[in-house]
Each structure stands twice: as C-alpha cells, then as structure tokens.
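Chains A and B, in that order, are what the protein sequence lines are. Here the working numbering is used: the first sequence runs in plain steps of one and ends on residue 399. Here the working numbering is used: the second sequence runs in plain steps of one and ends on residue 255.
Bear in mind the hints are in silico, worked out from the structure with no lab data behind them. Heads up, the beta-carbon is just placed ideally off N, CA and C, and yes, glycines get one too. Do not rely on the hints blindly, as some may be mistaken.
To be verified - Below are the DSS-like pairs computed for lysine-lysine, each with C-alpha atoms no more than 25 Å apart in a straight line:
{"no.": "1", "chain 1": "B", "residue 1": "K123", "chain 2": "A", "residue 2": "K313"}
{"no.": "2", "chain 1": "B", "residue 1": "K140", "chain 2": "A", "residue 2": "K367"}
{"no.": "3", "chain 1": "B", "residue 1": "K140", "chain 2": "A", "residue 2": "K392"}
{"no.": "4", "chain 1": "B", "residue 1": "K140", "chain 2": "A", "residue 2": "K373"}
{"no.": "5", "chain 1": "B", "residue 1": "K242", "chain 2": "A", "residue 2": "K367"}
{"no.": "6", "chain 1": "A", "residue 1": "K395", "chain 2": "B", "residue 2": "K140"}
{"no.": "7", "chain 1": "B", "residue 1": "K242", "chain 2": "A", "residue 2": "K373"}
{"no.": "8", "chain 1": "B", "residue 1": "K196", "chain 2": "A", "residue 2": "K395"}
What the hints assert, rightly or not - Covered stretches of chain B, going by a simulated chain A footprint (3 or more residues, C-beta under 8 Å):
{"no.": "9", "stretch": "132–146"}
{"no.": "10", "stretch": "152–162"}
{"no.": "11", "stretch": "190–203"}
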Amino acid sequence: MLSKTVSTKIMGSMRGFPSHRINYSTSSVNVVGRELIKSRALEKDELRPLYMDFQATTPMDPRVLDAMLPYQVNYYGNPHSRTHAYGWESESAMEKARKQVADLIAADPREIVFTSGATESNNMSIKLLEETIRPETSLVSVMTVNNEIGVMQPVEEIGRICRSRNVFFHTDAAQAVGKVPINVSDWKVDLMSISGHKIYGPKGVGALYVRRRPRVRMEPLQNGGGQERGLRSGTVPTPLAVGLGAACEIAQQELEYDHRWVSLLAKRLVQKIMSEVPDVVMNGDPEQRYPGCINLSFAYVEGESLLMALKDVALSSGSACTSASLEPSYVLRAIGTDEDLAHSSIRFGIGRFSTEAEVDFTAEKCIQQVKRLREMSPLWEMVQEGIDLKSIKWSQH
Amino acid sequence: MAGLVAKKCITPLVVIRRLTYPEYAAQAAYHKKVVDHYENPRNVGSLDKTSKNVGTGLVGAPACGDVMKLQIEVDDQGKIVDARFKTFGCGSAIASSSLVTEWVKGKSIAEAMTIKNTDIAKELCLPPVKLHCSMLAEDAIKAALQDYRVKQQDIEIEAVKASN
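Bound conformation, chain B alone (with noise of 0.2 Å):
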C-alpha cells in the first residue's frame, strides 16, 4: 500500500509546467519587442546639456512612477544627428523612449514633431493599460524639440544684441 501510495505520489510531482500556456502568455508575458528594447536598450545616456545644439526634454514625475529624460543633437542644418535618453519606469516605459530615440535620428526637426503615440503603442504592441508610457515618449521628444527651439531663439536674441 505504501508504494502504491508512494507511486501515485511520483506521478504528479514529475514536471506540470504551465508558464507557457498561450492565454497566460497573450496576457501577462511582455511583448518580446519590449524586452528586446529593455535588455539590449540603444542610446542610453546623456549628452551635454549645456551644450547649444542639445534639446533636453523631462517629464513625467516620480510621484506617478514614470520619468523620462531624452536629448537631441541637432546639426546646423536641422537635422537629428544623435539623441539620447534615461527613463525611470516600467519596461514599457524604458522601451518606449528607446524606440523614440532611435527613431528621431536622422529625422529633421519638423519630421521629429510628428511622432504620435499611436505609432509607438502600435510598434510595441503596448496593451492598453500600457498606453500612457507611449504618450510619455511623445511629449518627452516633443519636449525636446521645444527646450532646444527655445535655445536657438535665445542665441539669435543674443547675437541681435550684440550687433546692435
């Protein structure tokens, strides 16, 4: 009785694994977009703030869990040369101003303002409890063209005054 018991005891302990069942996965596992951008993230870091060609753009709060800080480079002709960002936030968060980065590269200004959120909910497959991490990233760019169209208006007010 006792190894019958025991025998009918193996069975069951012998591998029940259930992590890859596709509803759960469809639900609850990260699109392997997301962890893509999240274990091989491009352009993380920062470039000179104070530097004239740099836009700096943050938003978000930490009081809501998602800050994003992303910065742009822009050649005398308008063009995106290199753009770098930092996020504290969830993988969708990081993954999100990661693709945005890697987008706006080589965009002109004006193209660089046309990034919706849509398109970057729609790259990643975000679920919709996830949208407003792509909605984030839209402002954070947007936020860094306007940081760096204010600088350059400040620099043409300076060298208005300077020849007057």
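Excised from the complex, chain A in its bound form (with noise of 0.2 Å):
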C-alpha cells in the first residue's frame, strides 16, 4: 500500500507533465475545432493548471485505486451470484464496504444502499414523498455543507425539530461526508445521500443512508432483480463499491488531520489575498463553514475575466458568464450578495492533496491579476475618483 507522502508525491507529479508526451486523436474533429486545435498544439510544453477546484469533483486517492484493481480484473464476479466462489468474494468485499461506508457516518451496515451517486440517492429521498404511507407526512431535505460557499447548515438542530415533528429529513452530504464529523443518530437524520467522487473515490458510485429506527419506507426508484433490498435494483459494481468503502475508510482515518490541514491551507490563502488586495468580501459564515470551500468576491473586477487570467489554476466562480443565462449563482442571491458582487465571485477548492505552494502561487496569482483587471475596469476608477456606484443610472441592455 502506498504511504501518504509517496501518494501526495504522486499526485503533485501528476501535474507537471509536458505536453510533448500526447498523442493529439484528431479523428473526431468539426471544422471550427481544427483552428482551435492548430492553437493548442503550438503550446507544446504547456503545463496543465493546479488543481483549486476539489468541489466540482476530487481525484481518487491512489489507496483507493489499490484497493479496487483486484476486482476489477481478479475479483470479478457478481456479488449477487449466490452458488459460487466468484460471487462469494464479491459479496464479502462489498459487504466489508458497506460497513466502511456505515463507520464513517455511524450508521448501521443495513442502512447503506449502494447508488449510482449522490444525484440518484436525492431522487430516491424524493420520491419517498410521493409514496409515503402516512397522509401528513412531508420530507425537509437540507444540504448540508453547501457547494459554492462551504457553509455548514445547523443540522443538528433541524433534525431535532424534524423527529419532534414526525417529518422525514433527507441531507444532500455529498460534501460534508469524509470532511467534517457525521454522526446520524445525534443529527437524527433519516436519509442522507452520499458521492463517491467527492471524496477521493470513484466516479459514479455513491450510496444512500436509509434510517432502520424509527422506519423509513420507500419505494424503489429502480425496478429490477431486487438486489439491494428491493430498494435498488442492479448489480452493486464491486469495484466501484470497494473504492468508495476504501475512500471511506481513509476519509474516517484522515479526517482530522485533512480538517488541519485544509483549514491552514485556506487560511494562509485568505489571509495573503485579504492582506494584499482591498475591497474582497468571503461569501458565507466564516464561523459555520467547512474551510476548504472559500468563495471570494473581488469588487469591481468580473469573476470570469479572473478566470481567464489565473489560466493556471484550474477554479470555478459562480459569475453568471460561466452559465448559459445571464443570472450569477443563485445561492449568492440567497445569502443577500449585491448583483455586481455575485458577478465578481470565484470559489477556490482546497482538499487533501493541495500543498502549501500551490496556494502560495495561487494567491499571488490573484492578487496580480485582480490589480491587473482594477486597471482596466471603469468601476474601479470611479471609486477612486470618490463616484458612488449606487448613485449612477446605470443603462440597460
């Protein structure tokens, strides 16, 4: 099994691989991409860009692909196949996963369903509305940590009042599991959706947290051979259950020391942008909030124009440009952000593979490219000629 530091040491190789070594497949090009292409192949010894992103998704940690190789191409039977060996083994790896995944939230073994990800174990919880035995009954469901500004909801507390209440609570925890400490029982959660990828698994495997005590009926989204208890049927992938158990596992053993470690990451960032750079304002509680999700909005400069300029650092930003509508995040709507704030805000992820050069480059970056834009903008000048931007009439499009 490899080490922590030689799996970190990988990874940070990973990205500084030159261009020079691919093989461009032009196989399947249009005719607007060729001109597009003939501009990529002249950066030959480009460099791919950092990786800032780790809510959009999280690479899988080298552990975790160990642990899942064997059944991919030895272990390969059917988990569900009861006569022989084959499906004997595949069972008792999954079987083992499911208690990984269960240790992680302190749930039972019985009360994971395996997914094909978060987005189908929400659609499961929801449907649980329509199904529901009892009349009255409705369902809250609350993200737990959010995904744009890395806010942590009071979860504790609404599954309080939800089990005082009989009501169903369903948490979307796909960014909080493996990240922060779960405990089922004391948040008296019934449902809970959990994504593999988020944290440091495979891609399109994820699970659901059925509650056993007090019950929670629900009808199959997923018609088929039964597996999973009738409640999901088709055959568990095994080595995509094994890889998320495995990811699990490491996610518990390493949960605290990753907590420390992303909040001194993201501290040292913010404090080095805050410090250099005026008139940034970090979106979300900063008490009631997962560190390593940091959404930054830099007045006065645009948040995709940002983007563009910190080409090397691969983020994401929750301007309206990125999306197809003109409408910046809706979440920053929410939290109250003035329109022109949630179009100049960038979210950076950081997450266990993250190293303290990359956020040093990161920030600097930032905080030449953000004095850069403020050069350029016309917003910017007006307030250092001491114009009120409220006061102005501003035409509309």
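Hints are included, so try docking the two chains, each in its own frame, into the full complex.
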C-alpha cells in the first residue's frame, strides 16, 4: 500500500507532465475545432493548471485505486451470485465496503444502499415524499455543506425539530462526508446522500443512508432483480463499491488531519489575498463553514475575466458568464449578496492533496491579476474618483 | 502479488492528459483572438473627460456583469484620432471593447457609426452565448459618438449665444 507521502508526491508529479508526450486525436473534429487545435498544438510545453476545484470533483486517492484494481481484473464475480466462489468473494468485498461507509457516519451497515451517485440518492429520497404511508407526512431536505460557499447548516437542530414533528429529514451530505464528523443518530437524520467522487473515491458510485429505527419506508426508483433489499435493483458494481468503501475508511482515519491541513491552507490563502488586495469579501458565514470551500468576491472585477487571467489554476466561479444565462449564482443571491459582487465571485477549492506551494502560487497570481484587471475596470476608476456607484443610473441593455 | 498490483497501479498514474481534446477545446476554450485581446489589450486607459474633443460612452450595468466605458478623441476635421476603453466584464467583453477601439482609430464619425455588433462577433468568433458582449460594444461606441455630438452642439449654442 502506498504511504501518504508517496501518494502526495505522485499526485504532485501528475500535474507537471509536459505536453510533448501527448498524442492528439484528430479523428472526430469539426471545422471550427480545427483552428482551435492548431492554436492548442503550438503550446507544446504547456503544463496542466493547478487543481483548486475540489468541490467539483476530487482525484481518486491512489490507495483507493489500489483497493479497487483486484476487483476489476481478478475478483470479477457478480456479488449477487450465490452459487460459486466468484460471487461469494465479491459479496464479501461489497459487504466490507458497506461497513466502511456505515462506520464513517456512525450508521448500521444494513442502513446503506449503494447507488450510482448522490443525485440518484437524492431522487430516491424525494420520491419517498410521494409514496409515503402517512398522508400528512412531509420531507425536509437540506444540504449539509453547501458546495458553492462552504457554509454548514445547523443539521442537529433541524433534525431535532423534524423528529419532534414526525417529519422525515433528508440531507445531501456529498460535500460533508469524510470532511466533517457525521453521526446520523446525533443528527437524527433519516436519509443521507453520499457521493463517491467528492471524497477521493471513484466516479459513478454513491450511497444512500436509510434509517431502520424508526423505519423509513421507501418505494424503489429502479425496479428489477430486487438487489439492495429491493430498494435499488441492479448489480452493485463491486469495484466501485470497494472504492467507495476504501475512500470512506481512509477519510475516517484521516478526517482530523485533513481538516487541520485544509484549514491551515485556507487561512493562508485568505490572509494572503485579503492583506494585499482591498475590497475583497468572503461569502458565507465565517464560523459555520467547511474551510476547504472558499468563495471570494473581488469588487470591481468580473469573475469570468479573473478565471481567464488565472489560467494556470483550475478554479470555478459563481459568475453568470460561465453559465448559459446571465443570472449569477442562486446561492449568492439567496444570501443577499449585491448583484455586482455576485458577478465578481470565485470559488477556491482546497483538498487533501493541495500543497502550500500551490496555495502561495494561487494567491500571488490572484493578487497580481486582480490588480491588473482593476486597472482596466471603469468601476474601480469611478470609485477612486470618489463616485458612489449606487448613485449612478446605469443604461440597461 | 503486491508487486504485480503495484505495477498495475503505477501504469494508470502516468500521464492521461485530456485537456486538449478537440471537442472540449472547441466548446470550452476561449478563441485565441479573444485571449490575445485579453492578454495584450490595446488602448486601455482614459482620456480627459472634460476636453471638448472627447466623447465618453458608458453602457451596461454592474448588476448585469458588463460595464463598458469607451472614450474617443476627435480632431477638428471630424476624424477619430484616439480611443481608450475600460471594461468590467468577461474575457469576450474585454476583447470586444478592445477591438472596437482598434477599429475606430482613423475613422470619421460617420464611418464609426456603421460598426455593427455582427462584425465584432465574426472577427472574434464569439459563441452565441457571448453575442451580448459585441452588442454592448456597439452600444458603447454609439454612446461615445452621441456624447461627442451633444458636446459639439452645446459648444455651438454657447458660441451663438456669445456672439448675440
């Protein structure tokens, strides 16, 4: 098994591979693409950008890949086959993975259903609302940790209220599992969605926690051979389940360390940027949050142009220009951010494999580019002249 | 077994660089002309707003995520000799306004009025979702020309009043 330092080194070296080792596939190219390929081909020694978008997805921890590989090529049996050793060994791996997932959230393994991801888990939970036995029952569904601004909801209190009113409580914990300590009994959660690729596990797998006591009755979304106690038919993909289990176990062991590491890096990034650049706002509650998701608004600079400037870093923004409509992020709007600040926001995602050097580089580049873009901004110019932007009547397009 | 698994582990870890996939590049990357205007913007800056030869156009709104300020300096023969811009907006907006300042230099006022957003969009190969940037650039140049015209009219009115 790879040690943590080795795995970090490998992750680091993955980024620095120069492009002359690449084969370009030009077989399925359209005419517009051809001109762009030419421009891409010129940048022969370009390195891949740094990865600072851990909320979008995470790389698989090499130790998870280690755990999965035998189940791809050697132990390839269907875990639901009851009659031979191939089935038995896959089933035992699947059950072991189920226990690993359950341990991470202090649940019973019988309460875990493997799904294809958190989206499927969410859909399954919502469907419960329609098929429930008691006609007056409703469902409360809350995100544990928000993926755009990192804010943590007061899940314990919500759970307490729901339990006292006999209302089902579902939470989408995709961004929270393995990052903050979770105990489904303390939180009084009835349903919880888990996503594999957000916790350094494989893509294409997730889980749904379904409480047994008091029983949560569910109608299946997917019908078929009756696997997963009839709740979710379809062969459980053993390698993916094993990967999810391994990711959960690693996350449980390293939760505290990761949290401290990510907090340290986050504080470093925010302090560096805020000390050198004025008029920067951090969106979301400063206390009740997961530190690895930082959403900053740089006033008078537009988000997408800043992303373009930071092309050596893979980031994401809550700005409108990156979506098809001109609407900024609904999350920022909901927390009452000014519309022009909502267009100026960038999300920095820090994770297990982020390094101090990456954070320093990102901070410096960010500071440099914000200064440059502010020089190009008419809003900054007006503010420097002392004009109050709120007093101007803008021409609507 | 461990060695075999380790070997099987290491192979997938070596370069799988997919970022330059053609379809991806066609959809998600910026066109190189836009990138060029963005990295080497022409004519960023300001002209003296109060000068009688300068027309200033300020269009857009911060709430929409796009604000362009375009300034033109016109000589006494009605020819545009200098242009400057400042933009709060995405890469395509910056490129559109930078391109417009390049185009108007050396043109007469009448010629500058004929600049269309479709020309800007074609020159920069803007995708459909970014067409509003070119429209705003056209609005900006028209606003600047309008401002200049209004200034000139005011000056004429002043001159007529003074001579009476």
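So, going through the hints one by one against the coordinates:
no., hint, verdict
1, K123/B with K313/A, "holds (13 Å)"
2, K140/B with K367/A, "violated (33 Å)"
3, K140/B with K392/A, "holds (21 Å)"
4, K140/B with K373/A, "holds (23 Å)"
5, K242/B with K367/A, "violated (42 Å)"
6, K395/A with K140/B, "holds (18 Å)"
7, K242/B with K373/A, "violated (33 Å)"
8, K196/B with K395/A, "violated (29 Å)"
9, 132–146, "holds (count 3)"
10, 152–162, "holds (count 9)"
11, 190–203, "violated (count 0)"
Comparing the model with each numbered hint stated earlier shows that hints 2, 5, 7, 8 and 11 do not hold.
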